[in-house]
Structure formats: C-alpha cells, structure tokens
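Novice: So the sequences go chain by chain: W and F. Counted from 1, the first sequence has number 47 at position 47 by my numbering; the numbering is strictly sequential. Counted from 1, the second sequence has number 460 at position 460 by my numbering; the numbering is strictly sequential.
Think of the hints as simulated: they come from the structure by calculation, not from any bench. Any given hint could be a false lead.
Non-contacting residues of chain F with respect to chain W, defined by C-beta distances greater than 12 Å in every case (computed) [stated by the list, open to error]: (1) 202; (2) 496; (3) 508.
Restraint-style ranges between C-beta atoms, simulated for each label pair [what the hints assert, rightly or not]: (4) 505(F) / 39(W): 25 to 31 Å; (5) 39(W) / 615(F): 43 to 49 Å; (6) 475(F) / 39(W): 45 to 51 Å; (7) 505(F) / 29(W): 25 to 31 Å.
Backbone N, C-alpha and C define an ideal beta-carbon position, used for all residues, glycine too.
Spelled out from the first residue to the last, the chains are:
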Amino acid sequence: MTGRYEADPGPFLRPYAMTEGRTEPTGHDLAIEDLIGAASATDPPPWLSLEHRSIALACRETLSVAELAARVDLPLGVTRVLVGDLATHGMVTVHRAPSHAGSPNVALLEQVLHGLQKL
Amino acid sequence: MKVGSVLGNLSLRPKIALILLLPVAALLLLAGLRIGSSVSTSRQAAQVRGLTEFALRGTALAHELQRERGLTLGGLLAGRRSPGVREQRATTNRALAAYRESAAGLDVDALAPAAADELASATNRLGGLTDLRQDVNQGSIAPGAALDAYNTTIADLLNTNRGLITGIADPQLAQRVGAFVAVSRIKELAALEREQVSEVLDKGSFGPGEFRRFTSTLSTRAVLLSEFRAAADDAQRATFVDTLVGPEVQRARELQAEAIASEDASRLELDPAEWWTVNSTEIDLLRRVENQLGAAAVEASRDDETAARTRAGLDAAAVLVVLALAIGLSLVVVRSLLRPLGLLRSSAEEVAHSQLPGVVERLQRAEPVDLTAETQPIGIRDRDEIGQVARAFDAVHSTAVRVAAEQAALRRSVADMFLSLGRRLQALVHRQLELLDELERTEADPQQLRSLFRLDHLATRMRRNAENLLVLSGAEPVRRWSEPVPLPRVIRAASAEIEDYNRVGVMPMADVRIVGHAVSDVIHLLAELIENAAAFSPPGTRVQVSGEPAAHGYLLEVEDQGIGMSDEELELANEQLAKPTTIDLASAQRLGFYVVGRLASRHSIKVRLRRSWFGGVAALVLLPASLLGGPETEMERAGTGHPEVGPAPDDPGEPRRGAPGERGEPVPTPVPRAFAVKSPGAGRDNGMAG
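Just chain W, same shape as in the assembly:
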C-alpha cells in the first residue's frame, strides 16, 4: 500500500541529532556568506560522521556556507554548526566575507540568492 502514509519524510538523522542540539557553531562566529575551503587535498578521515564528511568533501571547491548547505542538502543552521566543527579541527579554512561586519555586499547577496534558489 503506497501513499503519503507510507512515505517517510526527512533524513535518517533528525537535524538536531546531527548537531547534538547545537544551533550555533562552537568557538567560531560564522556568517552564511563566509567562504569555506578545504584545508588539504587529502581524503577526510574515516571517523568523521557522514554529515561532516560530506561537507569536507564538498569544500574542495571553495563555497560559501549557504552554497555548501545547498550542495550537501543539509539545513542551513546545521551546516553552519558542522562547518564550525571542521574548522575547529583544522580540516577547513574560513574566509570571512568582506562585508561581514558592515552592510551587506550586493554581489554577495546575489551570490547568496543564487545559492538559495538552487535548493
């Protein structure tokens, strides 16, 4: 019997479980437009969680946090927290967006919008 009663929504792990309840990255202040890049070209270590691993792999191309979230198909807030974890352990590098403290950069906003539309 198929139908909406049978389909299971959502990911294998609930979002809150992916971050263990955290809604902010630990020890970092990340904006969604900050650019993230992989720290090294080596494969991520096998003991990473699947979500961390996916982000680490996707970082080989430098992307903003928002773009990353779209790319790995994870919620925005969760991605921010997990990127923070990776940064804490030196697996990724964070490039702050220039207008992080000031008014938003239009180009950056456009980039963000583009990324969001991809969702």
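Following the hints, complete the assembly by docking chain F onto the known chain W.
Specialist: Here is chain F on its own, set in the frame of chain W:
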C-alpha cells in the same frame, strides 16, 4: 465440622464400605448366633443319639444278664452247672464289651446327676460280675443271693436308661426313648417273675415273704404296662399288642394265674420246664418289642441329628450367599459410580489443561476455530447426578470457549482501532516533520532554529509513540531503507528519538551494518530500550551503548546507572520480552517491553535484561547474523565519495536524499563528541534536554 471433612476426603470405595459396615456387622452377628445355635442343636442331637445308642447297648447287656441269671439260677438249683452257662457268659461278655465301649464315648458331665449316679452304680456292679461268677462256680453263694446280685445289676442298668430320658429335649424322641425304656423294664419284671417262681418251684412252695415278693413284682409289672399303654402312641401300642400273641403267651397267663392262686398251697403244682419255656418265650417276644422300639428311637435320634446338622449347614450357606450378594452388589454399584466419575474427571482435566488453552491460543493467533467441534460433550449418558454434573460441565466448557472467542474478537477489533488511530496519528506527525524540515532548511537565526529543534524533537518522539500503536496492532513497519546502514549510525538515530538524547554515550564499535528492511525496527527497539534506561536513572548519569561480535550475530548492551530492578521485576520483564503474546497494559514500562518484544520476535532478535555492574540495568540485544550486512565494499566507498546534488525524488520506500548518510562509511563514534565541548550546557542548546 471435622467428621464432615473426614468424610469428604474419603474415597468412594471406603464410603460404600462404611455404609455396608453396620448392616454387614449386624448380619454377621445374627448369622453367627443362629449358626451357633444350629451347631449347638446339632451337637446336642449327636449327643442324644449317642445316649440312645448307649441305652440300646445297655438293654442288650441287661438282656444277656437276664439270660445268664436264669441259667445260673437253674444251675444253682440243680446243683450242677447248667449247660449253656459258659456260652451265655461269653455272650454276656461281648455285650458288656460293647456296652463299655459305648459308655466310654459318653459325656458323663452332661448327664443329669441322678443318671450319673445310676451309671456309676451300674459300672460298679458290672465290675463285680467276675467275682459273682466265681462264687457261683464254686457254689459258695446261695441261689437267692445270686439272684439278688443279678437283679440289682440289671436294675441299675435299666434305671440308668430311665435317667437318660430327662436329657432329651425333643419331646417326640423322648417319648420314643421312654416307650423303649418302659418295655425294657416290663421285660425285666417278666424275667424276675420267671426266676422267682422257678426258685419256688424248686423248693416246692412259696417260702415266707416269697409270695409277697412275687405279687409285688406282678403288680409293678401291671403298673408299668398300663403306664406304657398310656404313654405309647398308636404304632408303639400296636407293635406291643401284635407281638405279644401266641399260645405260649396265653399259657404263661394261665400258669401265672395258677401261681397266684397257690399262696397257701403246700405245693406249687406247675411244671418247672413248662413254666420256664413259656415265660422265656414271652420274654423273647418282649425282647423283640424292645428291639423294635429301641431301633425306632435310635433312628429317630439319628434323624434329629441329621436334620440339625443340615439346618446348621443351610444357615451357614444362606449367610454366605447373602454376604456374597451384598458385597457383589456393592462392588457393582461402586464401579458404576467410579467409572463415570473417572471419565468425568479425565475429560474435565483434558479440557482444562490442554483443549481449552489450545483453543485460546489458536484464537489469539487468529486461526480459524470450529466452535462446535471444540465443545464436544463428555461421553456420559447417565441420567443420575453424575450425568447431570457432566451436562453442567459441558455447559461451562462451551461458555468458556465462547467467551474466549469473544475475547479474541474484541482484541482483534481493539487492535484494528489501534492500527487506525496509529496510522492517522502517524500521518499527522509526518506532516509536522515535513513542515519542520522545510522551516529548518532555511532558518539562519540560531534562536529560531533552537525553537524549531525543540519542535522537531517533540515531533520525533510523537512519531515513535504513533509507531508504538502500530506495533501494538501488529502492523508492519512503515519506514524502510533500501540499503544497509552502519550500526553506530543506527544507534545514533535511536538515541535521537529519546528525550535526553545527550545522555547517551556510544562506545567504539565494529564495522557492521544493519540490513535495510530491519533498520527501522532496530532503531525503534533500541530507542525504547535507551529511553527506558534514561528514564529509570538519575538525570546527569550516562546511558552507555556498547557492542561486540557474538557467535551468531552481534551483541549490543544498553547500560544505565539507575536504581535497577528486583529479581521478580527482571524475571517478569524477560518473560514479556521473550513471549510478547498478551498485552498487559498495567504500566507504561511494561508497554515498552511489549513493543520491544514484538519488534524483536519479528526479526529473531533476542533481548534480555540483567543487572549491570553499576547497580542499574543492562539490556542485552543479540542481533542475529541474518540482520547484519558486511562492511562497506571498496566500490561502495568509492561511489559515495561525493554526495548527490539536488533534491531527491519523492519515492515511497526509497530513502529520501536527506543526508548522504545511507551509503556513507561506518563511522566510529564518539566523534561528534570530539567536536563538541564536554561541559553540559556550554555551546549546547539546553532546551534539547527538556
């Protein structure tokens, strides 16, 4: 009441024996008395017979003594021994021997004292017979004295007989013996007369006093004769009269009359030889009468004895027959009671112990049950009380089966209600979660995200409870995954479903995966166990999940540091886990174990609780090899290096493309904790713990 309880515990056979006890005892008592009296009568009759035979021998001896007396007298008077005395003495001795033999068999103490005295006296005198004969041989005794000696001996013999009559109870027999004794006394008197007159004839005339002696004898004889006539019955009288006939008897009368008339005569003009002959003839005739009457008496006594013995035998036989009938009847009755009772009991036991539980079990498993076939009546057709009990039992049986069927139907309909409710609930929660997914996806504000996380957690727990309802109603799981999932991830997903998910610590674990179709149930099962562990231990304590390979699968252990469970509680819980066939909705904890048990039995997972080293409870979960997929292959690893991009197709049964985790590598935990700050509360949303 004590007697009542004693009776109640007694089996049927002794009870019936008890009923028969008094009547049988009374019967035996009465029978004993009657048989006793019959035996005693029989013994008396034997004794009487003995006495009668003894009396006969006595008169036989008296008869021989009378002859001896006569011959002796003749010899003494003639001055020489009479011819025939020697032979007569021999004959007398033989009669004496027979008499003594008979006397030896007598019970002297049973005789009347008078008879006993006479017997003793007779015995005495008989002892002096040899001396008497000696004296006669030597001629040293006068004829009169010799006559007297014989007279007294014979008189004692006859008197003994008379005394015996008093000991005879049967009047008819007593009469016969009396007649016989009377005739023998008459005979003696006749013999005395003969002797007396012979003596007188020898002298020539009556001496002084001899006539009176003679007439006295005559008159006594006449008296005895009339007594006999009076006491005798017709047959006996007829015997007497018919025998004492003939010319000699007549002649004896005539000579007697002549003797009577010769009181003063100087000489008695009678022929001694003729006197002797005719009187002897009469005496012999009397002897014949005596014999006949005696034989009749003995025969009567023998008849009495036989009759008495027969009666005693019949009495005993009758008693035995009645006893046998009574016992036989009681045995038959007992068997007719015990057989149907035994059948009733065995049928009832079979119904109670095997048949009814079997029916109940089949109804619970929703197998078809033919109610009429299951309620066959017990095969007892009697109409008595036992049959009525059998009928009543049949009624109870069919009621029980009907009630069981109703209960089963009720349970099924309740299960259907659970199913319907559960699905509805599940659908609603699914929509909630979908909505939350959408909101969480784009939420950037951490505060808002925190609230969303709280809602998400709530909804996730609601989803599990909805799924509990589905498990209760026996429905199959809804969420399926097409590919195996690593065990640590499964455990993490399970932990996420409980309230205090941050209290769960997962130890490093081997490289095993759970097959796709069982993942959902395993997550659910572990979630229930982990939540139970967290709920029954103090907040702040860890719930630890560890695992190791086992002989035929993989063994997980969920351990808490709570207050633990008692031995009985552990036993009860393990029973529930092993056999979740009945729903006992007594407590929420029990419900959890029931769900776990059902999920486990679906996949042959074994779950068992035991005490943990820390004082709490450890739940052991043995996942069978059939649920385990191997470690990820190189190909799979290579293939999942890069996550998919774009929204996933909404394909029911296929996992959604949420996290690329379905095909991810197995990751040893507690890596997430490595990225997190350990101190509780710092950098973590405390709202999640609520």
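Novice: Indicate, hint by hint, whether the structure satisfies it.
Specialist: Here is how each hint holds up against the structure:
1. No beta-carbon of chain W comes within 12 Å of the beta-carbon of residue 202(F); the shortest separation is about 159 Å.
2. Residue-level check failed: residue 496(F) sits 3 Å from the nearest beta carbon of chain W, not beyond 12 Å.
3. Not every CB of chain W lies more than 12 Å from the CB of residue 508(F), the least distance being 9 Å, so the non-interface label is violated.
4. Between residue 505(F) and residue 39(W) the beta carbons are some 29 Å apart, a value that agrees with the proposed interval 25 to 31 Å.
5. The supplied range of 43 to 49 Å is met by residue 39(W) and residue 615(F), whose beta-carbon atoms lie about 46 Å from each other.
6. Separated by about 49 Å at the C-beta atoms, residue 475(F) and residue 39(W) satisfy the suggested range of 45 to 51 Å.
7. Under the hint 25 to 31 Å, the C-beta atoms of residue 505(F) and residue 29(W), about 29 Å apart, fit the expected range.
Of the hints listed earlier, those the structure fails to meet are numbers 2, 3, in rising order.
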